[in-house]
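Protein chains: 2
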Amino acid sequence: MMVSSVVLVSGGMDSAVTAAIAARKGAIAFVHVNYGQRTEGRELEAFNAIADYYGVEQRLVADISYLKDIGGSALTDRRMSVPKGDLARKGVPVTYVPFRNAHLLSIAVSWAEALSAREVYIGAVEEDGSGYPDCRAAFFKNFEKTVALGTAKRPNIRIKTPLIALHKSEIVKKGVRLNAPLHLTWSCYKSSSVACGGCDSCLLRLRGFKEAGTADPIRYRQGASAKWRKDA
Amino acid sequence: MMVSSVVLVSGGMDSAVTAAIAARKGAIAFVHVNYGQRTEGRELEAFNAIADYYGVEQRLVADISYLKDIGGSALTDRRMSVPKGDLARKGVPVTYVPFRNAHLLSIAVSWAEALSAREVYIGAVEEDGSGYPDCRAAFFKNFEKTVALGTAKRPNIRIKTPLIALHKSEIVKKGVRLNAPLHLTWSCYKSSSVACGGCDSCLLRLRGFKEAGTADPIRYRQGASAKWRKDA
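Residue numbers (the numbering used here), protein chains in the order written: chain A, 1 to 232; chain B, 1001 to 1232.
Every clue listed holds true.
Looking from chain B toward chain A, a few residues come up when the C-beta cut is under 10 Å (computed): (1) Asp1063; (2) Ile1070; (3) Trp1111; (4) Tyr1132; (5) Ala1148.
Quick list of in silico lysine to aspartate or glutamate cross-link-like pairs, DMTMM-like style, CA-CA up to 25 Å: (6) Lys1068(B) / Glu144(A); (7) Lys1160(B) / Glu1057(B); (8) Lys1210(B) / Glu1126(B); (9) Lys1068(B) / Asp63(A); (10) Lys1145(B) / Glu1126(B); (11) Lys1173(B) / Glu1211(B); (12) Lys1174(B) / Glu1119(B); (13) Lys1141(B) / Glu119(A); (14) Lys1190(B) / Glu1126(B); (15) Lys1025(B) / Asp1052(B); (16) Lys1153(B) / Glu144(A); (17) Lys1153(B) / Glu126(A); (18) Lys160(A) / Asp52(A); (19) Lys68(A) / Asp1069(B); (20) Lys1173(B) / Glu1045(B); (21) Lys1160(B) / Glu144(A); (22) Lys160(A) / Glu1144(B); (23) Lys68(A) / Glu1119(B); (24) Lys68(A) / Glu1144(B); (25) Lys1160(B) / Glu1119(B); (26) Lys1141(B) / Glu1127(B); (27) Lys210(A) / Glu170(A); (28) Lys1210(B) / Glu1170(B); (29) Lys1068(B) / Glu45(A); (30) Lys1160(B) / Asp69(A); (31) Lys1153(B) / Glu1057(B); (32) Lys1145(B) / Glu119(A); (33) Lys68(A) / Glu1040(B); (34) Lys1153(B) / Glu127(A); (35) Lys1145(B) / Glu126(A); (36) Lys1068(B) / Glu119(A); (37) Lys153(A) / Glu1144(B); (38) Lys1160(B) / Glu1127(B).
Simulated from the structure, these hints should not be mistaken for lab results. Backbone N, C-alpha and C define an ideal beta-carbon position, used for all residues, glycine too.
Please build the complete structure, drawing on both the sequences and the hints.
Below, the structure written as structure tokens:
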């Protein structure tokens, strides 16, 4: 079956909503990347659950655990600790993995070229204050030009970032509207059993649901961040 | 020790000459990438020999064997055969690995950012007729802009391609002049014991030495491509 796009699916909420958007345009292929992040196994579980939900046949799991050897991020370096969430913190967070999205996009683009798919989807969000340089619209725009120059397929493979300008609450609303399987997603940076509710990623997610006026369907550690829970 | 640059070293002649150029500016770190290519073990051996030659302490070997799963190239897909060399062939060769250099550069850039190195060196050559889109100067130029947009370090990490406009014979001459360890390098696409002398990579190399008027210090399979050998 011809595939219209390759979707990068971490297993988190943003990638599930991105998959929902891509799926409306044709058959999709899913790629997941393990890079030695703490919650690797749990994310892969979510990836496969979302792929099953969309009946995705073509799945690629790529391992780039060399990022762990490179270090420099609390997400992959066990000697650094993931800080308690603080959405008002300024600057580049310690969970920044140097240039990570370039690796993810390169993998998806190589596969798209091999599959003759026209588009690569990534659920990146230029969220207010997130501070990751490789999450900015300008980065993706320029990467698309790099792809045009560095691949052989014509027309050029496009890089699609449908969530780039949205706030988390808008992503929640879009996900609900498109029937994205939010209950199958995983966002926590710290834990692989029950979401901690206290890391940056949990806080962003919980705030998004609260602002959207919707209950988050996944479970959180009891008492964690009650102030962000809709039911609190 | 502070490292001034990260050098991508495949183990081939071009990367050894590139290392020689980078080494004149300060301490260097070496990165090698395994991507399931046929001659992986032999290339890694050459990488370490060249690193020893330059006394390189910081070495990173990154595995991206997912490129084998992606397929689409005779270099990594065992179902495709590496064609007999033909330097006059037109178009994108079957040994093209889709968007490969983007993966290599991303790895080197992430590491450079973690090490606070200012430059990334790659021995790419926009050789007449090689036909790999990700070997063109325009691709590297634009990738450098992607790096500036997608990384947090300032000043921006630069992408250096000192061989990009050279012919193989000029690379040989430069290597000899800089005392690059050409005798430790490996170029053959097909074999891991004695260079075949017949694949594109061997033919390019042999022609380069012949045109430079220098004998290639490595051994070739007996009788292979005698017409390119200086001693023929």
